[in-house]
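Please take these sequences and the hints and turn them into a complete structure.
So the protein sequences, as listed, match chains C and F. Take 1 as the starting number for the first sequence in my numbering and just add one per residue. Take 1 as the starting number for the second sequence in my numbering and just add one per residue.
No wet-lab data here; the hints were simulated from the structure. Accuracy of the hints is not assured; some may be wrong.
Identical copies carry no separate label here, and so any pair may be met within one copy or between two of them.
[What the hints assert, rightly or not] Capping the alpha-carbon separation at 27 Å, the derived lysine-lysine pairs in BS3-like fashion look like this: (1) K300 with K214; (2) K166 with K85; (3) K106 with K221; (4) K166 with K300; (5) K55 with K98; (6) K166 with K98; (7) K85 with K274.
These figures come from a predicted structure and were not determined experimentally.
Protein chains: 2
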Amino acid sequence: MRQATEHTPVWLMRQAGRYLPEYRATRAQAGSFMGLATNTGYATEVTLQPLERYKLDAAILFSDILTIPDAMGLGLSFALGEGPKFAHAVRDEAAVAKLQVPDMNKLRYVFDAVTSIRKALKGRVPLIGFSGSPWTLACYMVEGAGSDDYRLVKTMLYQRPDLMHKMLAINADSVAAYLNAQIEAGAQAVMIFDSWGGVLADAAFHEFSLAYTKRVLAQLKREHEGVVIPRLVFTKGGGLWLEAMGELDCEVLGLDWTVNLANARALVGETGAKAKALQGNLDPNVLFANPAQVEAEVAKVLDSFGKPHMDTSKPGPTHIFNLGHGISQHTPPENVEVLVNAVHTHSRKMRSPAG
Amino acid sequence: MRQATEHTPVWLMRQAGRYLPEYRATRAQAGSFMGLATNTGYATEVTLQPLERYKLDAAILFSDILTIPDAMGLGLSFALGEGPKFAHAVRDEAAVAKLQVPDMNKLRYVFDAVTSIRKALKGRVPLIGFSGSPWTLACYMVEGAGSDDYRLVKTMLYQRPDLMHKMLAINADSVAAYLNAQIEAGAQAVMIFDSWGGVLADAAFHEFSLAYTKRVLAQLKREHEGVVIPRLVFTKGGGLWLEAMGELDCEVLGLDWTVNLANARALVGETGAKAKALQGNLDPNVLFANPAQVEAEVAKVLDSFGKPHMDTSKPGPTHIFNLGHGISQHTPPENVEVLVNAVHTHSRKMRSPAG
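See the structure below:
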């Protein structure tokens with residue numbers, strides 16, 4: 001039996017982050033978030049930090065989902081304790097007309113970090129590269145920052161769908177070039193974060209988010225140096241559209257905690273060419289409870305997915321344990337160890353002949 | 001044919017609100033949001049304001065979803081331009097132990113407003129009363145204000161489910177008493193706003209939100225003075241749980257814009273004793289587009305629900321047009337007129353024999 005089937009693999013979105021004191025120390029040295037992300041040494045160091053503490057089964061590149069619009073010249077910055085901000089929001093026809101797929105050399109720092117991290121990992125675990133989805137990038141590009149109502153980006157969507165489609169096409173081609181360059185630099189899987197797909201109306205999601213995720217997937221390299229590169233798509237709040245996402249040309253779908261894993265497994269197909277592995281979906285707030293409760297909630301998530309197929313020669317759904325969203329900066333680090341160990345222990349038990 | 005079947009009825013969540021200049025003028029007179037809500041004259045005046053401008057088919061009591069915890073002694077206030085705040089958040093066992101169903105006399109101002117509004121309406125349109133759901137009240141009671149991660153309330157939920165259940169039971173019994181008193185005061189329908197149900201994990205939604213909505217519904221008066229009182233339940237972000245909500249003992253389910261109305265209609269049953277009317281679900285941001293696009297998006301929502309049953313003697317789904325969430329304070333008032341007229345015109349066309 002292959003190692004990967006002995007237990008359910010686990011990693012955590014934003015696992016290299018502010019909840020770790022060693023991360024905060026490195027960030028203080030770097031001076032700013034972008035100072036951290038653009039420095040190969042720092043990016044490598046913080047990517048590996050959670051792997052030194054926990055028996056995680058994957059590493060994810062330390063970076064941000066908004067590097068592409070920054071390379072387009074919109075001027076990304078992070079004030080301490082606040083979210084991302086762009087100096088130049090894209091709100092009219094003239095601003096959209098200026099957009100183009102950025103020169104990938106401006107994102108060299110990301111590809112250098114990928115190569116450096118891959119080397120530092122020495123094959124311990126695979127390295128996942130990532131990008132924001134075309135729609136999620138557009139949200140930040142139009143709003144200029146986070147938003148709680150998405151008023152500006154949705155105004156453009158409903159008022160000037162032609163501009164929105166133009167921006168999304170450029171974003172999609174940019175994301176594809178960016179992820180392909182990460183693959184060439186050494187990323188062994190790539191993930192598209194559609195963090196804001198879930199804020200769209202039903203019809204708008206298909207037209208303005210999913211269609212452009214498809215446009216990215218159609219351009220991605222299937223393999224690199226003879227090795228298959230799995231592609232992961234995560235739409236936060238996208239549970240209602242799971243059936244449509246089951247048709248995507250990718251290998252893994254990320255799910256947030258609102259989704260019932262048993263239903264999802266049944267819906268995206270137990271077997272067949274398009275059967276997806278499912279990634280998720282513990283509520284990050286579970287990590288504020290005590291260890292016994294963290295263990296119990298981890299077991300509930302594993303049990304709701306159910307026993308994986310034991311015959312690894314057949315295609316079929318696999319579960320990758322994760323949170324349903326990024327880990328909170330307020331998380332007690334010791335509870336992450338409880339979570340990782342509980343995933344391994346409980347899933348091994350599930351896989352035993354008596355389990 | 002009854003008047004109600006000539007066109008699809010329409011009203012808007014938060015229709016009496018800050019987007020109306022006459023509302024802002026009255027609020028300025030009242031000095032504060034609670035000054036407005038607790039004064040019978042002001043509450044009546046602002047409730048009727050949108051009905052003077054638009055051909056809306058229902059009025060909704062002007063009040064807030066958080067009046068109950070205020071009556072419990074938690075000290076509700078609204079700073080201008082900010083959300084609600086409680087002076088005394090409920091975060092530990094001692095605070096939960098002190099909670100009880102409030103004396104309904106402390107909410108007399110709400111029931112007086114209902115009676116006054118009902119009188120002022122003179123039968124023009126029905127008056128809807130409302131309350132926050134037990135879970136939504138608990139969110140604010142524990143967080144003490146709005147939240148973007150619900151960390152405190154979910155920490156209590158996962159760490160001390162016993163305390164959470166105790167609080168929710170008290171909230172449910174309070175909501176039931178409160179809505180029954182609104183019905184006695186003259187409310188012709190009542191709506192439960194589960195504004196934050198959608199932030200819960202799948203299993204937690206059933207245990208901590210839906211179960212207590214059921215507890216409220218089980219206690220509500222079915223009729224008043226011989227007239228049936230319809231009960232509406234709206235869970236924002238609850239589309240994934242529609243099948244379970246289809247089993248609720250209520251007449252109408254509110255839906256946000258992420259839900260496909262045709263799917264929802266098929267799912268909650270075309271006919272049968274438990275068939276629900278569906279209310280919703282235009283994205284409020286559509287109202288920032290130009291009039292032609294507002295009309296087109298209204299038509300899409302009506303068409304996605306489809307033709308209503310023409311035979312009103314048979315039970316079956318009815319559509320009540322609404323937004324998928326409260327109207328934005330930034331909405332141009334003239335677009336609301338476009339919306340209301342488009343709903344009436346397009347739905348009349350759909351009901352014509354050739355439509």
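These are the hints, each one checked on the structure:
no.: 1; hint: K300 with K214; in the structure: between (32 Å within a copy, 24 Å between copies)
no.: 2; hint: K166 with K85; in the structure: within (22 Å within a copy, 42 Å between copies)
no.: 3; hint: K106 with K221; in the structure: within (21 Å within a copy, 66 Å between copies)
no.: 4; hint: K166 with K300; in the structure: between (44 Å within a copy, 23 Å between copies)
no.: 5; hint: K55 with K98; in the structure: neither (46 Å within a copy, 44 Å between copies)
no.: 6; hint: K166 with K98; in the structure: within (11 Å within a copy, 57 Å between copies)
no.: 7; hint: K85 with K274; in the structure: neither (38 Å within a copy, 49 Å between copies)
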